[in-house]
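One-letter residues, chain by chain:
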Amino acid sequence: DAKTTQPNSMESNEEEPVHLPCNHSTISGTDYIHWYRQLPSQGPEYVIHGLTSNVNNRMASLAIAEDRKSSTLILHRATLRDAAVYYCIPVNSNSGYALNFGKGTSLLVTP
Amino acid sequence: DTGVSQDPRHKITKRGQNVTFRCDPISEHNRLYWYRQTLGQGPEFLTYFQNEAQLEKSRLLSDRFSAERPKGSFSTLEIQRTEQGDSAMYLCASSDSPHYEQYFGPGTRLTVT
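Residue numbers (the working numbering), protein chains in the order written: chain V, 208 to 318; chain H, 23 to 135.
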């Protein structure tokens, strides 16, 4: 199972862009890169995922390095509701799960 | 559809007792996953089903744990002879493809006293 490295915490001002990095240097060639976020006392919420190309959706953008060893989740304008723990996980394309989400990055958004 | 639901939301039990949790996935999703999350950690995989077949189990799933998904609909997770180390949030998620996102339920918080 591929390991990921994320900063323990990051801070952003409201309405500013946020770039959340993730290192996954041991990712398998067929693993998708998924990002989830989790608010206190709630289950994780899907944010975005990709395989090789950069991806955009209504919540965020995902920039994947050409060698797939790292990726960056981009929140274009952080809001207070974006304060959460963000997890980057390589997901096996056959089983659809990762063994461990890791500790993620705790994002603090200040007004 | 209201998403993935889990019942109960909270369970307090005494050590040695058996507990059972239920998960109702999104109706058209054929894949169902169980995770465990302890304080300060991210979710850890326990097991998953494709329809009614249990395809993989983690080493975390000791002999005291059993999961079922009869008829490929809802799923139950039973813990026998609970121990204090079983105290955690138990999360269920469903998906309609291994390539796609998982939708998580709110979790069942278990406290073993």
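Hints were generated in silico from the structure; no laboratory data involved. Predicted model, so just to flag it, every value in this text is computed and none were measured. Careful, some of the hints might be misleading.
Said to hold, decoys possible - Covered by chain V, according to a simulated footprint, are these stretches of chain H (three or more residues, beta-carbon under 8 Å):
hint : stretch
1    : 33 to 40
2    : 68 to 78
3    : 89 to 103
4    : 106 to 117
To be verified - Label-pair restraints from in silico Cβ distances:
hint : chain 1 : residue 1 : chain 2 : residue 2 : range
5    : H       : T133      : V       : N230      : 45 to 51 Å
6    : H       : E74       : V       : A270      : 36 to 42 Å
7    : H       : R131      : V       : E222      : 45 to 51 Å
Unchecked claim - Some chain V residues near chain H, calculated using beta-carbon distances under 7 Å:
hint : residue
8    : P228
9    : S232
10   : Y253
11   : K276
12   : A290
13   : Y294
14   : S300
15   : G303
16   : Y304
17   : L306
18   : F308
19   : G309
20   : S313
Virtual Cβ for every residue (Gly too), placed ideally from N, Cα, C.
Now the hints, each set against the structure:
no.: 1; hint: 33 to 40; result: violated (count 0)
no.: 2; hint: 68 to 78; result: holds (count 3)
no.: 3; hint: 89 to 103; result: violated (count 0)
no.: 4; hint: 106 to 117; result: holds (count 3)
no.: 5; hint: T133/H to N230/V: 45 to 51 Å; result: violated, 35 Å
no.: 6; hint: E74/H to A270/V: 36 to 42 Å; result: holds, 39 Å
no.: 7; hint: R131/H to E222/V: 45 to 51 Å; result: violated, 34 Å
no.: 8; hint: P228; result: violated, 17 Å
no.: 9; hint: S232; result: violated, 19 Å
no.: 10; hint: Y253; result: holds, 4 Å
no.: 11; hint: K276; result: violated, 20 Å
no.: 12; hint: A290; result: violated, 17 Å
no.: 13; hint: Y294; result: holds, 5 Å
no.: 14; hint: S300; result: holds, 6 Å
no.: 15; hint: G303; result: holds, 3 Å
no.: 16; hint: Y304; result: holds, 5 Å
no.: 17; hint: L306; result: holds, 5 Å
no.: 18; hint: F308; result: holds, 3 Å
no.: 19; hint: G309; result: holds, 5 Å
no.: 20; hint: S313; result: violated, 10 Å
Comparing the model with each earlier hint shows violations of hints 1, 3, 5, 7, 8, 9, 11, 12 and 20; every other hint is respected.
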